[in-house]
Amino acid sequence: MSLARQLPYFLAFLFLLGCQEQTLDSSAYLDEELDEMSIYHLPSEWHTQSGELIALEDLRGTPLVSVMIYTACKTACPRLVADMRHIETAVKSKTKKDIKYLMISIDPTNDTPDKLMQFAKDNQMTDDKWLFLQGTEESVRDFANILAVKYKQISPIDFSHSNIISVFDRNGVLQFQKEGLGMENDEIINKIISISK
Amino acid sequence: MNIKNLLWIWMCLLPIQTMAQEMALVRGGEFLPLYGAVKNEMVQVKDFYMDAKPVTHADFLEFVQKNPQWKKSMVKKIFADERYLTAWDGDQQVPSELHNSPVNNISWFAAKAYCECQGKRLPTVDEWEYAAMADEKIKDARKDSLYNVKIIRTYEKPKTHLLKVGQGEKNYWGIFDLHGLVWEWTQDFNSVIIAGESRNNGNGEKGLFCASGAVGANDLMNYAAFMRYAIRASLKANHTVTTKGFRCVKDANSNYLVQK
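If you read the protein sequences in the order shown, they are chains L and P.
Each residue of the first sequence is one higher than the last, beginning at 0 in numbering that gives the first Met the number 0.
Each residue of the second sequence is one higher than the last, beginning at 0 in numbering that gives the first Met the number 0.
Some clues are possibly wrong.
Within a straight-line C-alpha distance of at most 20 Å, the following computed EDC-like cross-link-like pairs (lysine to aspartate or glutamate) qualify [claimed, not checked]:
id	chain 1	residue 1	chain 2	residue 2
1	P	Lys75	L	Glu56
2	L	Lys114	L	Asp97
3	P	Lys76	L	Asp34
4	P	Lys76	L	Asp127
5	P	Lys71	L	Asp34
6	P	Lys75	P	Glu96
7	L	Lys190	L	Asp168
8	P	Lys45	L	Asp168
These are computed hints drawn from the structure, not numbers from a lab.
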């Protein structure tokens, strides 16, 4: 996709959050019953590993399990990915409900859809329940701030970041967070199953 | 993208001249911040313009009048918690004695939106700390024990958020009140990582951060700065606290006309 085509989306994101002038009409048209704490109030658009442009809101209706990673990460991220796969396998054995697993890159400059796709293939995460997302520097920061995920770029290819897996219900409300690596996953698995009922 | 979104963009791009406030040029350079330097290497800061004073209640009132989604009654809890603008009596009733005091009980999302609607942005942690290490006479006064003591004294003083902006002395760059009234939001406040601070589920702190050893404090003597970083690390983006306000900055290469 050319820069010229991406620019309007980027601008939209920049200004939308802060500057939308809502009339009564438009706020009534918007999701009136959406919970105040829903992430779907955050207007943002992302590229998936297939290069498709999606709005966060397109995911409404499906429980989400998300983690923030970057593909060049050699230390914690492989373990986070392993945790996600372990959780996904365990949840799948107990429920048939549709659940999406989001891997959000904190390095939108380097993690292009192609890189994300390669990462997905390398980790056998090609099923369409796995969504790898490339945002912009700003949309990533907003999303991280909703989750209280901290990160800092410490070199052109390395980031320091918190290891947090978050669970959202169908309306995008954060219901559970698991912090730290390689810990007991039973609690988060039970939470995902109860949310997806 | 739908038409509605486009409309919002254009409404925001309309010039909001009355809201433009005086900015001061901060010449870039390099410095070693308390936190965030990787392997103790100097951090580079480019030239930027910074609001000479913190955003006041009166400034923010004008903003919510133009952007009603940021009114107390309209704002979504995910963007600002229940103490948002708690000093106001309603959506547009600001007690008159607060007009020229720094706006407080403001969330990161609200502060960011305010700056963006003026074509500005929040300062980065490094930019803020760089501008704020100056005293009235020199760019970096951090070695001056009196400079540090003076700041810590203001941290001990109660209710400094009720003071008026622009009453003290300008610093080297011509900026007022970086210390003394309120702490201020920064764009990348979530980049401050202080190990062991957060939800931990009983696990050791080792597993919490990738490469956590790379970013640490370099000068624990600078207690005032340590307080600021600790506050940054402890807040979430929708939190609103009495002791925190904000101001905006703009890149120096963006042709912003400094108002005299």
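Against the structure, the hints come out as follows:
1. P:Lys75 with L:Glu56: holds, 16 Å
2. L:Lys114 with L:Asp97: violated, 26 Å
3. P:Lys76 with L:Asp34: Holds, at roughly 9 Å.
4. P:Lys76 with L:Asp127: Violated, because 32 Å separates the two Cα atoms, which is more than 20 Å.
5. P:Lys71 with L:Asp34: holds, 17 Å
6. P:Lys75 with P:Glu96: violated, 28 Å
7. L:Lys190 with L:Asp168: holds, 10 Å
8. P:Lys45 with L:Asp168: violated, 42 Å
Violated hints for the displayed structure, listed by number in ascending order: 2, 4, 6, 8.
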